[in-house]
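Peer 1: Read off the chains here:
Protein chains: 2
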Amino acid sequence: MKKIINNPDLVVEDMLKGMVAAHPQYIKKLENADVIVRANLNAYEKVALVSGGGSGHEPAHGGYVGKGMLDAAVAGAVFTSPTPDQVYEAIKATDSGKGVLLIIKNYTGDIMNFEMAKEMAEMEGINVNAVVVNDDVAVENSTYTAGRRGIAGTIFVHKIAGAKAETGASLDEVTAVAEKVIANVRSMGMAISSCIVPAAGKPNFTLGEEEMEIGMGIHGEPGTHREKIKSSDEIAEHLVNKILGDSPLNKGEEVAVMVNGLASTPLMELYIVNKKVSEILEEKGIKIHKTFVGEFITSLEMAGFSITILKLDSELKELLDATADTPAFKSI
Amino acid sequence: MKKIINNPDLVVEDMLKGMVAAHPQYIKKLENADVIVRANLNAYEKVALVSGGGSGHEPAHGGYVGKGMLDAAVAGAVFTSPTPDQVYEAIKATDSGKGVLLIIKNYTGDIMNFEMAKEMAEMEGINVNAVVVNDDVAVENSTYTAGRRGIAGTIFVHKIAGAKAETGASLDEVTAVAEKVIANVRSMGMAISSCIVPAAGKPNFTLGEEEMEIGMGIHGEPGTHREKIKSSDEIAEHLVNKILGDSPLNKGEEVAVMVNGLASTPLMELYIVNKKVSEILEEKGIKIHKTFVGEFITSLEMAGFSITILKLDSELKELLDATADTPAFKSI
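Note that the protein sequences, when read in sequence, are chains W and R.
Counting in the UniProt record's numbering, the first sequence runs from 1 upward without gaps.
Counting in the UniProt record's numbering, the second sequence runs from 1 upward without gaps.
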């Protein structure tokens, strides 16, 4: 295992220290939990957004804490759901009295622990809603999932629900727009190499010299199949077709696109993928409002990428374009 | 060679298409050259900034074309200097009559070709200045370099000289501030894995299972030495000490820090590195004004990182903080 770390058991602690040291103008860590919150936490009279999950997906989710996105991100151990206590601390720390929206990626452990935290907070009289992101069209049910997995589409939920909360909207209004994003966002990914959970010390899975896995999850969960690696155009076409086959998208409608690198895939290759994605959408008469290419939700050092397509209406477009200012996502 | 590409000979062409398709609100490609320019090119009555170099370092430099940074980025073949003709086209396309500043990383080929383009443009009556970034303290002279190499410090030159140009400053004033950044910025990197130039099809160099190379260049040029991989803290300490040993930095002074991933190193590990960097600077009484952690100038799929420290004064601080809006770098 060749990693630039100090101690496999301290990666989350060290990372959170390095993250807060890098961005003190945006974020701080709660003293009693692995929770990243906004630096000037008590300045906001608005619905609070809390997300999180296992670590190893950076910049998700701590990198999205800031103006127009999240108020707190809970960091579990690597690829491990945070405990209910930690999520509860995040809720308690961020509620301004206007309520808290939990944005949960669809993994059984996350759902269980976030729901448990929600109940704990509700017993204290805090209003909490929860939404579950399940954008990955690759497989129905998976290693850690009942139903579809939640992957990169989650970032669009952070951005759009976050912008809605900044307008002073109520908890129900923010929840409704988050649900609208979830209903309209679809993703699918692929990988050409595996990743090593530091504490495990060996690869999560292995792929042959010329092999790729299609529909792989962000923890290396099996996808739809393995095959010999193809050209970028062919891979992009396969993924976009699977996404569009599941999408309520018609000619003339508008979308946002995200080409998300899982970690080791160079930006050069992500742009090569985007070339084909944009060509396919153009051919189909679908208008691209905005495209995001980069690393938004990663899988330790895995090589591969996912494509996300979000169908927009005028409300979603406006909220997507609204100002955001966080360590990992800025919109001017 | 496992890459997500179509054809090794088309990677730059495909990438530029995908990049322009992703960011049409920011950039377009010149029809007659592999040059990325600002989308509304003729709208600016200001000194133009032109940079570039071999491809394979994305988001450098096309990702930095936009408000407050570059006006054009010239994309050579992978790890290969752009031709003088291409640089000349970039100069011609961006000059508004106020002159053009070339920001060159110190590689012999780049210097030769950018200088030749400068002469061609001057013969047409365009005012052109050039600065050479040589921030890498690892080695004096290198495979493709007389003197020190230019690496991640270049991004600070883009940012700060770009902000100066936006104020309406003259070519000489913009050049002077770029030179000030160059005089005050130092970097050093390391790698734990190699990269494969697509057209070559085999690794640039090889490293053993547990080996790292210290002081490596962004094309895999040899560094100071190879040794068994150490802890993140030890590596960070070695690099920071080498940088500070060469820096005109005193207690109480302020700096900007960049921890730059070469491509395959996860953001989690870059933050773990930053933990130690911030601790060392704090111990030494050096104040960190701003920290940037991410992938700013990469080396295809190489794993590793570099640390950059820029000594700031009030002018540099103000220009570093000024608004920038480009595909890969936004400052609000």
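Honestly, the hints are just simulated from the structure, not real lab data.
It is possible that some hints are incorrect.
Which copy? The list can't say, so a pair holds if one copy fits it or any two copies do.
[What the hints assert, rightly or not] DSSO-like mimics (lysine-lysine), calculated; alpha carbons at most 30 Å apart, straight line:
{"id": "1", "residue 1": "Lys242", "residue 2": "Lys228"}
{"id": "2", "residue 1": "Lys28", "residue 2": "Lys228"}
{"id": "3", "residue 1": "Lys2", "residue 2": "Lys202"}
{"id": "4", "residue 1": "Lys2", "residue 2": "Lys92"}
{"id": "5", "residue 1": "Lys330", "residue 2": "Lys17"}
{"id": "6", "residue 1": "Lys284", "residue 2": "Lys317"}
{"id": "7", "residue 1": "Lys98", "residue 2": "Lys242"}
{"id": "8", "residue 1": "Lys230", "residue 2": "Lys28"}
{"id": "9", "residue 1": "Lys98", "residue 2": "Lys230"}
As the structure is a prediction and not an experimental result, all values here were calculated from the model.
Peer 1: Next, verify each hint and record whether it holds.
Peer 2: Going through the hints against the structure:
1. Lys242 with Lys228: Intra 19 Å, inter 45 Å, cutoff 30 Å: intra-copy only.
2. Lys28 with Lys228: Answer is neither; intra-copy 45 Å and inter-copy 35 Å both fail.
3. Lys2 with Lys202: both (10 Å within a copy, 21 Å between copies)
4. Lys2 with Lys92: neither (39 Å within a copy, 47 Å between copies)
5. Lys330 with Lys17: both (22 Å within a copy, 24 Å between copies)
6. Lys284 with Lys317: within (20 Å within a copy, 47 Å between copies)
7. Lys98 with Lys242: neither (39 Å within a copy, 51 Å between copies)
8. Lys230 with Lys28: Between copies, since 29 Å is at most 30 Å while 44 Å is not.
9. Lys98 with Lys230: neither (50 Å within a copy, 48 Å between copies)
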